[in-house]
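The whole structure should be built from the sequences, with the hints applied where relevant.
For the sequence shown, the UniProt record's numbering begins at 1 and goes up steadily by one.
None of these hints come from the bench; they were simulated from the model.
From the three backbone atoms N, C-alpha and C, an ideal C-beta is built for every residue, glycine too.
Fair warning: there could be bad hints in the mix.
Within a straight-line C-alpha distance of at most 35 Å, the following computed DSBU-like cross-link-like pairs (lysine-lysine) qualify [to be verified]:
1) 51 - 31
2) 49 - 11
3) 31 - 132
4) 11 - 76
5) 160 - 51
6) 11 - 29
Computed Cβ-Cβ distance ranges for the label pairs, DEER-style [claimed, not checked]:
7) 71 - 152: 20 to 30 Å
8) 5 - 165: 44 to 54 Å
9) 31 - 10: 19 to 29 Å
10) 5 - 164: 45 to 55 Å
11) 40 - 163: 36 to 46 Å
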Amino acid sequence: MTMNSDMLFEKLYDTYYSGVYRYIFAAVKDKWNAEDIISNVFTNIYKHKDKIITVEESKNWVFKIAHNAIIDFYRKNSKIIPIEEFLDRGSEESGYEDVLVKDEFKPIRSIIDDLPRETREMIYLRYYGGLKYREIASAINTPENTVKSVISRTIKKIRKIYDTSTGGVINERRKV
Numbered sequence: 001m002t003m004n005s006d007m008l009f010e011k012l013y014d015t016y017y018s019g020v021y022r023y024i025f026a027a028v029k030d031k032w033n034a035e036d037i038i039s040n041v042f043t044n045i046y047k048h049k050d051k052i053i054t055v056e057e058s059k060n061w062v063f064k065i066a067h068n069a070i071i072d073f074y075r076k077n078s079k080i081i082p083i084e085e086f087l088d089r090g091s092e093e094s095g096y097e098d099v100l101v102k103d104e105f106k107p108i109r110s111i112i113d114d115l116p117r118e119t120r121e122m123i124y125l126r127y128y129g130g131l132k133y134r135e136i137a138s139a140i141n142t143p144e145n146t147v148k149s150v151i152s153r154t155i156k157k158i159r160k161i162y163d164t165s166t167g168g169v170i171n172e173r174r175k176v
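Structure (structure tokens):
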């Protein structure tokens, strides 16, 4: 049985809503703004639901729409994307590669505050949106190798600055 566009939209909504919401909330740091933006994102997707071929193939498209909606939000509000409390939304499952993200790593927030906007966007997409490198590359129109190297360098930089500033060592997640 083939799905019609309404059924595909519903499945897409159910599949990506929470990841898109986390990504948007991490970027805007405000529940009300995040809810407005996600509403606009899925309204826009619904208007173009005929473009949905499969839910899986639409993931990049969905996050690209969310990415553009965040940019539009800040453009309209002339704000710089805030990062404070960014890590409070993390979990052990979705942490920075092998880094456990727990409350004891709150000092990492200040390190992230100093990252360039484009780097923060990649971090958001990777760890809040759950996107793969190629999906991030597609969403922000950047080569995949650039995304991989920026994220990898950023993780190393965060570890080094954290270790230097606190004298601590970021625990690595044990592979089971």
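For each hint, the structure was consulted:
no.: 1; hint: 51 - 31; result: holds, 29 Å
no.: 2; hint: 49 - 11; result: holds, 11 Å
no.: 3; hint: 31 - 132; result: holds, 26 Å
no.: 4; hint: 11 - 76; result: holds, 31 Å
no.: 5; hint: 160 - 51; result: violated, 44 Å
no.: 6; hint: 11 - 29; result: holds, 27 Å
no.: 7; hint: 71 - 152: 20 to 30 Å; result: holds, 24 Å
no.: 8; hint: 5 - 165: 44 to 54 Å; result: holds, 52 Å
no.: 9; hint: 31 - 10: 19 to 29 Å; result: holds, 24 Å
no.: 10; hint: 5 - 164: 45 to 55 Å; result: holds, 53 Å
no.: 11; hint: 40 - 163: 36 to 46 Å; result: holds, 41 Å
In the structure shown, a violation is registered for the earlier hint numbered 5 alone.
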